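Order-wise, the sequence lines are chains Z and X.
Per the numbering used here, residue 445 is the first one in the first sequence, and the count goes up by one each step.
Per the numbering used here, residue 445 is the first one in the second sequence, and the count goes up by one each step.
Since the hints were made in silico from the structure, they are not lab data.
Keep in mind that this is a model prediction, so the values were computed, not measured.
Be a bit skeptical, because a hint or two may be false.
[Stated by the list, open to error] Which bits of chain Z does chain X cover? Going by a derived footprint, with three or more residues having C-beta under 8 Å, they are:
(1) 494-504
(2) 586-592
(3) 598-608
(4) 618-632
(5) 647-660
[Said to hold, decoys possible] In silico DSS-like links for lysine-lysine, alpha-carbon gap of 30 Å or less:
(6) X:K620 - Z:K732
(7) X:K655 - Z:K580
(8) X:K655 - X:K670
(9) Z:K548 - X:K620
(10) Z:K601 - X:K742
(11) X:K580 - Z:K601
[Said to hold, decoys possible] Partial chain Z-side listing against chain X, Cβ under 10 Å, derived:
(12) F447
(13) Q477
(14) V478
(15) Y479
(16) R481
(17) I482
(18) P485
(19) T486
(20) P487
(21) P528
(22) N538
(23) F551
(24) E694
(25) L707
(26) E740
Glycine included, C-beta positions come from ideal geometry on N, C-alpha and C.
Protein chains: 2
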Amino acid sequence: MNFNMDVSNHDLMIGLDLGGTKILGLVVDRNAQVYARIQVPTPRVSEQIENQVLSVLREMLESCSSKGARIIAIGIGIPGYVNPETGVVIGAGNLGIENLPLRKIVFDSFSIQTHVVHDVRAAALGETMFGAGRGKNYLGYVNIGTGISVGLVLDGKIYNGAASRAGEFGHIRITKDGPLCSCGSRGCLEALASGPAVAGRINNAILNGRKSLITDLIANDGAEVKGEIVAEAAKLGDQLALDVIDETAEYLALSIGSLINVLDLESIIIGGGLANMGDLLISPIRNKLAKYLLAEYKDNVSVLPAELGSDSGAIGAAIASCIELGQQTN
Amino acid sequence: MNFNMDVSNHDLMIGLDLGGTKILGLVVDRNAQVYARIQVPTPRVSEQIENQVLSVLREMLESCSSKGARIIAIGIGIPGYVNPETGVVIGAGNLGIENLPLRKIVFDSFSIQTHVVHDVRAAALGETMFGAGRGKNYLGYVNIGTGISVGLVLDGKIYNGAASRAGEFGHIRITKDGPLCSCGSRGCLEALASGPAVAGRINNAILNGRKSLITDLIANDGAEVKGEIVAEAAKLGDQLALDVIDETAEYLALSIGSLINVLDLESIIIGGGLANMGDLLISPIRNKLAKYLLAEYKDNVSVLPAELGSDSGAIGAAIASCIELGQQTN
């Protein structure tokens, strides 16, 4: 692990973003300045994840120690339900983890204060304090990828809900019927606007004979329909790509409008895989949102892309661990 | 004003619910025990409302004083946007009030700590502490009347939102099209499941030749379609009434399901005019809700009618004033 600055005698935190495919570890300070990073694949066998996490942390801690830096806290972001008080991962479907006392395991190994937090909520906190949401106290970080969820920051704090399960934005119903969702219901936002939903609509259109540049782009790439390919086709003016993006933006705008109307939010930040489309997706969401908002919100709610990009979860987890420690962030 | 118990040397609060048609004043203690009540019509001329409020309060305070009770705080519930910190009514459309510094006006008149709060949020607090939501920390009080709104209690506290405008549950979109709503959008919950929406669907069906007992009930009553009449017809087995209630319950269940999935709530309490239908409306909501909820909520979210009935707003406002004072409630 290489450091991009002198860190001797610095009080720093480690932020770990434990994703479905990779584990990202960052060494950061209270200003969310990143001093070093490491990335390793997430083991496919869930029993090996715990050891991989400990091994990454050990390597990071040894590097920090050798450079004279002090690690005062560790924050770990998890794509699943976490009890923020006990640090137990209640369930993380993508990782195959259930009832894992991750905080205790990490603390017992390194004797460093550890905080475990939902990854999207961590990203929401990171963006609120050091990204696109700076200065806001009420915002939703909408993560659009394989699933759709929202990390809510209410009154300046991460909102967890009664049993730490809040944020299932993908499972608000935006139509009584509509396509079947993975949750078993119909008409969920996730079944209409997630990465797989977008790919599904494009595949269907092509199977039904619709001409599209995407057909060639997939053939060249030797891969399946993905956000990047849809974005590339849209930039080349492909009508199918543009239509599907427009429709997706409509579903997202409608749902985001409802969220703002009920929760009186100041800002929406869009992150996750599909957000890599950037303004191609975010501009139409912004334009369509006006018609779904109550009049009082029309001129003063911002919709912005995530600024911290794929670092937001790890940075947010580190910052959350610092707050948990009772230390002031800047 | 008559007292139903001896109140000499008691520390009590006044809760005032300033509604569109009536002003309800209650004298309550920290256990939400009601000792006396008064009700007067709300003046139709908005400029007279302020004087009517002061006159009701003066009468209540004189009665309390003559019985030897001490009023330690006044809470006022308002159907509109209130800045809870300054006690200014930013806007209350139904009352024709705008930018009224109500807390200051009341405090200047009586020198008693005064707290002004959104009426539905006050009701939510009242139900959480002393009604159907006892023991819960995360709940939504859904008020279904002329409009539809939700008072949210999150982490045990009233949730106001960024600019104290939270709770516009009537303006979540449950279908992309649908009937026009008063807000100018289409497909809002309020345009499908409020009192006027229910009446509108019944009127349309009757105009289109559908036979219903409601026709006779309206003729006998000499009035328009109201919740009570629909409920009466449904109890007599009228198919139109039953169909419309069923459809309304479906829209409400769908929306409530989305709310629970996003906010991880423990309980939903149903109040407001349409809730007077009781189990006729609440049972089908409860039954239909399961299919809109994520699996983890199916067995542990309760849907209950408001227990405090039409007193919930005034009781909640009184309790909020007591909390604001830093006094413990029981």
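We went through each hint and held it up to the structure:
no.: 1; hint: 494-504; verdict: violated (count 0)
no.: 2; hint: 586-592; verdict: violated (count 0)
no.: 3; hint: 598-608; verdict: holds (count 7)
no.: 4; hint: 618-632; verdict: holds (count 6)
no.: 5; hint: 647-660; verdict: violated (count 0)
no.: 6; hint: X:K620 - Z:K732; verdict: holds (12 Å)
no.: 7; hint: X:K655 - Z:K580; verdict: violated (55 Å)
no.: 8; hint: X:K655 - X:K670; verdict: holds (17 Å)
no.: 9; hint: Z:K548 - X:K620; verdict: violated (47 Å)
no.: 10; hint: Z:K601 - X:K742; verdict: holds (28 Å)
no.: 11; hint: X:K580 - Z:K601; verdict: holds (20 Å)
no.: 12; hint: F447; verdict: violated (39 Å)
no.: 13; hint: Q477; verdict: violated (29 Å)
no.: 14; hint: V478; verdict: violated (30 Å)
no.: 15; hint: Y479; verdict: violated (34 Å)
no.: 16; hint: R481; verdict: violated (32 Å)
no.: 17; hint: I482; verdict: violated (33 Å)
no.: 18; hint: P485; verdict: violated (29 Å)
no.: 19; hint: T486; verdict: violated (24 Å)
no.: 20; hint: P487; verdict: violated (26 Å)
no.: 21; hint: P528; verdict: violated (12 Å)
no.: 22; hint: N538; verdict: violated (16 Å)
no.: 23; hint: F551; verdict: violated (26 Å)
no.: 24; hint: E694; verdict: holds (7 Å)
no.: 25; hint: L707; verdict: holds (6 Å)
no.: 26; hint: E740; verdict: holds (6 Å)
Checked against the numbered hints given earlier, the structure breaks hints 1, 2, 5, 7, 9, 12, 13, 14, 15, 16, 17, 18, 19, 20, 21, 22 and 23 and satisfies all the rest.
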